[in-house]
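K.L.:
All chains should be modelled from the sequences, with the hints used to inform the complete structure.
Just so we're aligned, residue 217 is where the sequence shown starts under the working numbering, counting upward by one.
Honestly, the hints are just simulated from the structure, not real lab data.
Glycine residues also receive a C-beta, built at the ideal position from the N, C-alpha and C atoms.
The reader is advised that the hints may include incorrect statements.
To be verified - Simulated DEER-style distance windows between Cβ atoms: (1) Lys233 x Gly343: 45 to 51 angstroms; (2) Leu295 x Arg324: 26 to 32 angstroms; (3) Arg340 x Leu225: 28 to 34 angstroms.
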Amino acid sequence: VASGIGVPLLIFTLVRKHRMQASDQHVRGQFGVLMFGYHLSDRRVFYESWVVARRMVLLCLANVPLSISSPDNTQIRDLGILGLFLVSVVVHIEVDAFDTRCYNLPSRLESTQLTASCVTIFRRLVGSIPSVLISVG
Numbered sequence: 217v218a219s220g221i222g223v224p225l226l227i228f229t230l231v232r233k234h235r236m237q238a239s240d241q242h243v244r245g246q247f248g249v250l251m252f253g254y255h256l257s258d259r260r261v262f263y264e265s266w267v268v269a270r271r272m273v274l275l276c277l278a279n280v281p282l283s284i285s286s287p288d289n290t291q292i293r294d295l296g297i298l299g300l301f302l303v304s305v306v307v308h309i310e311v312d313a314f315d316t317r318c319y320n321l322p323s324r325l326e327s328t329q330l331t332a333s334c335v336t337i338f339r340r341l342v343g344s345i346p347s348v349l350i351s352v353g
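P.N.:
Here's what the structure looks like:
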């Protein structure tokens, strides 16, 4: 829990503290991995902390202990994961955090990854519906 909240919060704090000097070569050298590839506006430099937070929430959701291994519990967890990915798609579209170098490749890769994740988890949910109906009937 501490790393799930602490790491994104630490990244957010570091980027926030140095966001006004984001174009400075010294700051880019120290925090380049957290800022490289993003537009240097106020709301966009925080996107890396959002990505880390999303990964931490995904890990927490994926590792939720299911007390009873039933399809209903698995579907609830999968719905939570699908919701996380759908929110991520909206944030990605709204923030438009990546710069346009390299033919907008980072943004296209992020869009492809989020779309593939949504389709995969949606397919898993749809695929588990018949087994639930058979077990109920």
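K.L.:
Confirm or reject each hint.
P.N.:
Checked hints:
| no. | hint | result |
| --- | --- | --- |
| 1 | Lys233 x Gly343: 45 to 51 angstroms | holds (46 angstroms) |
| 2 | Leu295 x Arg324: 26 to 32 angstroms | holds (27 angstroms) |
| 3 | Arg340 x Leu225: 28 to 34 angstroms | holds (31 angstroms) |
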